[in-house]
Amino acid sequence: GQNIDQPTEMTATEGAIVQINCTYQTSGFNGLFWYQQHAGEAPTFLSYNVLDGLEEKGRFSSFLSRSKGYSYLLLKELQMKDSASYLCAVRDPRGSASKIIFGSGTRLSIRP
Amino acid sequence: GAGVSQSPRYKVAKRGQDVALRCDPISGHVSLFWYQQALGQGPEFLTYFQNEAQLDKSGLPSDRFFAERPEGSVSTLKIQRTQQEDSAVYLCASSQGFGETQYFGPGTRLLVL
Numbered sequence: 006g007q008n009i010d011q012p013t014e015m016t017a018t019e020g021a022i023v024q025i026n027c028t029y030q031t032s033g034f035n036g037l038f039w040y041q042q043h044a045g046e047a048p049t050f051l052s053y054n055v056l057d058g059l060e061e062k063g064r065f066s067s068f069l070s071r072s073k074g075y076s077y078l079l080l081k082e083l084q085m086k087d088s089a090s091y092l093c094a095v096r097d098p099r100g101s102a103s104k105i106i107f108g109s110g111t112r113l114s115i116r117p
Numbered sequence: 005g006a007g008v009s010q011s012p013r014y015k016v017a018k019r020g021q022d023v024a025l026r027c028d029p030i031s032g033h034v035s036l037f038w039y040q041q042a043l044g045q046g047p048e049f050l051t052y053f054q055n056e057a058q059l060d061k062s063g064l065p066s067d068r069f070f071a072e073r074p075e076g077s078v079s080t081l082k083i084q085r086t087q088q089e090d091s092a093v094y095l096c097a098s099s100q101g102f103g104e105t106q107y108f109g110p111g112t113r114l115l116v117l
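Heads up: the sequence lines are chains A and B, in that order. Everything in the first sequence is counted per my numbering, starting at 6 for the first residue and increasing by one. Everything in the second sequence is counted per my numbering, starting at 5 for the first residue and increasing by one.
Since the hints were derived computationally from the structure, they do not count as laboratory data. Fair warning: there could be bad hints in the mix.
Stated by the list, open to error - Here are the simulated distance ranges between beta carbons: (1) E72(B) x E60(A): 33 to 41 Å; (2) Q45(B) x E60(A): 35 to 43 Å; (3) A44(A) x T105(B): 20 to 28 Å; (4) P117(A) x G32(B): 40 to 48 Å; (5) P12(A) x V34(B): 19 to 27 Å; (6) D67(B) x R116(A): 24 to 32 Å; (7) R113(B) x F50(A): 28 to 36 Å.
No residue lacks a Cβ here, since even glycine has one placed at the ideal position from N, Cα and C.
Can you build the whole structure from these sequences, using the hints too?
So this is what it looks like as structure tokens:
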């Protein structure tokens with residue numbers, strides 16, 4: 006079966022660092038995405054990991070361990086605008102389509 | 005265009021009514037995806053096109069749902085005889101090719117009364 010787990014909600018303080026974890030059990034794996042989604046808006050692409058290790062992109066970093074079925078998204082120097090849902094998604098290469106399977110998202114609230 | 009666009013942004017339908025949701029992908033993007041997103045959940049895959057070919061429709065919840073992309077660009081998701089459980093945000097995404105990063109449109113928020 007397909008299962009992607011991430012915390013439902015998190016709270017952090019402006020200027021701080023927060024780590025959002027994601028674990029997955031999927032039949033196939035061909036990469037992991039993180040998307041940011043503000044309320045009422047479309048998901049926007051943040052990162053893509055296909056190999057183990059850390060990918061850094063400005064204030065955001067994403068880590069992947071394929072053997073553990075584990076990823077995290079690290080947000081540094083938090084800003085109020087980072088308040089959003091963060092979606093972990095796995096690409097499933099089975100079948101004819103490059104399906105992306107999404108987790109339910111982690112709603113991150115930033116307090117001043 | 006600069007990004008994926010969808011119309012209408014909001015749709016209120018009476019139960020039993022048919023609706024049609026439109027998606028304009030990024031120009032030149034070969035792949036197009038439709039997702040359904042319930043409140044507080046992540047998007048769930050509905051169907052996928054590569055150019056005009058519908059290669060996967062395994063996520064369509066019932067035969068009331070139908071999607072097409074006749075010329076390999078604009079796509080329409082049609083829902084017949086809408087039910088209250090169809091209320092959700094319908095997201096369209098496109099990518100440059102098979103396996104590339106998907107870029108999402110703003111979605112159509114459908115409310116069935």
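Hint by hint, here is what the structure shows:
A C-beta distance of roughly 37 Å is found between E72(B) and E60(A), which places it inside the suggested range of 33 to 41 Å. The hint said 35 to 43 Å for the Cβ distance between Q45(B) and E60(A), and at roughly 26 Å that hint is violated. Range check, A44(A) to T105(B): about 23 Å between beta-carbon atoms, so the 20 to 28 Å window is met. For P117(A) paired with G32(B), a C-beta distance near 43 Å keeps the hint of 40 to 48 Å intact.
With their beta carbons about 35 Å apart, P12(A) and V34(B) fall outside the hinted range of 19 to 27 Å. Under the hint 24 to 32 Å, the C-beta atoms of D67(B) and R116(A), about 47 Å apart, miss the expected range. Evaluation of the 28 to 36 Å hint for R113(B) and F50(A) yields a failure: the beta carbon distance comes to about 21 Å.
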